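Peer 1: Residue-level listing of the chains:
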Amino acid sequence: DAGVIQSPRHEVTEMGQEVTLRCKPISGHDYLFWYRQTMMRGLELLIYFNNNVPIDDSGMPEDRFSAKMPNASFSTLKIQPSEPRDSAVYFCASRTDRSVSYNEQFFGPGTRLTVL
Amino acid sequence: DAKTTQPPSMDCAEGRAANLPCNHSTISGNEYVYWYRQIHSQGPQYIIHGLKNNETNEMASLIITEDRKSSTLILPHATLRDTAVYYCIVRPNFGNEKLTFGTGTRLTIIP
Numbered sequence: 019d020a021g022v023i024q025s026p027r028h029e030v031t032e033m034g035q036e037v038t039l040r041c042k043p044i045s046g047h048d049y050l051f052w053y054r055q056t057m058m059r060g061l062e063l064l065i066y067f068n069n070n071v072p073i074d075d076s077g078m079p080e081d082r083f084s085a086k087m088p089n090a091s092f093s094t095l096k097i098q099p100s101e102p103r104d105s106a107v108y109f110c111a112s113r114t115d116r117s118v119s120y121n122e123q124f125f126g127p128g129t130r131l132t133v134l
Numbered sequence: 003d004a005k006t007t008q009p010p011s012m013d014c015a016e017g018r019a020a021n022l023p024c025n026h027s028t029i030s031g032n033e034y035v036y037w038y039r040q041i042h043s044q045g046p047q048y049i050i051h052g053l054k055n056n057e058t059n060e061m062a063s064l065i066i067t068e069d070r071k072s073s074t075l076i077l078p079h080a081t082l083r084d085t086a087v088y089y090c091i092v093r094p095n096f097g098n099e100k101l102t103f104g105t106g107t108r109l110t111i112i113p
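The listed protein sequences correspond, in order, to chains W and H. In terms of our numbering, the first sequence opens at residue 19 and continues consecutively. In terms of our numbering, the second sequence opens at residue 3 and continues consecutively.
Treat the hints as calculated values from the structure; they're not laboratory data. One should not assume that every hint holds.
Stretch by stretch, here's where chain H covers chain W in the computed footprint (C-beta under 8 Å, at least three residues) [said to hold, decoys possible]:
{"no.": "1", "segment": "27–41"}
{"no.": "2", "segment": "125–132"}
List time: in silico DSBU-like cross-link candidates among lysine-lysine, alpha-carbon distance up to 30 Å [stated by the list, open to error]:
{"no.": "3", "chain 1": "W", "residue 1": "LYS86", "chain 2": "W", "residue 2": "LYS96"}
{"no.": "4", "chain 1": "H", "residue 1": "LYS71", "chain 2": "W", "residue 2": "LYS96"}
{"no.": "5", "chain 1": "H", "residue 1": "LYS100", "chain 2": "W", "residue 2": "LYS86"}
{"no.": "6", "chain 1": "W", "residue 1": "LYS42", "chain 2": "H", "residue 2": "LYS100"}
As the structure is a prediction and not an experimental result, all values here were calculated from the model. Note that the Cβ used here is the ideal one computed from N, Cα and C, for glycine as well.
Build the full structure now, drawing on both the sequences and the hints.
Peer 2: This is how it looks when you write it as structure tokens:
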């Protein structure tokens, strides 16, 4: 199993540009999570999906952020327009209801975003 | 979810047991204790979880006190690869998907 796949691994962009982060969850997993990690705020949940449906987006910082999951094997997190304060590492995670370790979330390697 | 308190940092000699404490004095009856770790520049990794009984898996052991107000994660034979930030999280096992990561304990394994 390849694990959770994220792309790109690093992204450098200028303020005002649109940024799209991508995630492929582990095959068969029902839940997908987007997290953001910064030095100031630590690791925080932005949004999560169950069976491709957004369930809780209360962690999304503002309207500039949007997330979609068009199918079970792909999700995007978009920032438009981007701002320097969006600089962070963004993690995607997935899990299944059918694992022995119930509620274990598997994290991807993250995307390091730098907005200049 | 109940709040957790962990020491900010700890050192442990390679080959020795690493004991990481966590206080969760406001834990409620339906909340589990979860442990994750994050090795530098990687995503967090699940270690173990438990409700009230002690648990053991191939990575670690989890000891939960009888009153459930605190717990200890034990890495029995620490290696340099165990250097990481360890997070103790308390949450219900059902109905709430949110993992609230605090500041964790930065464990450094000393050769």
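Peer 1: With reference to the structure, classify each hint as holding or not holding.
Peer 2: Hint check results:
1. 27–41: Violated - the segment 27–41 of chain W has 0 residues with a Cβ nearer than 8 Å to chain H, which falls short of three.
2. 125–132: holds (count 4)
3. W:LYS86 / W:LYS96: Distance ~8 Å between LYS86 (chain W) and LYS96 (chain W) Cα, so the pair holds.
4. H:LYS71 / W:LYS96: violated (40 Å)
5. H:LYS100 / W:LYS86: At roughly 19 Å apart (the allowed maximum being 30 Å), LYS86 (chain W) and LYS100 (chain H) satisfy the hint.
6. W:LYS42 / H:LYS100: holds (20 Å)
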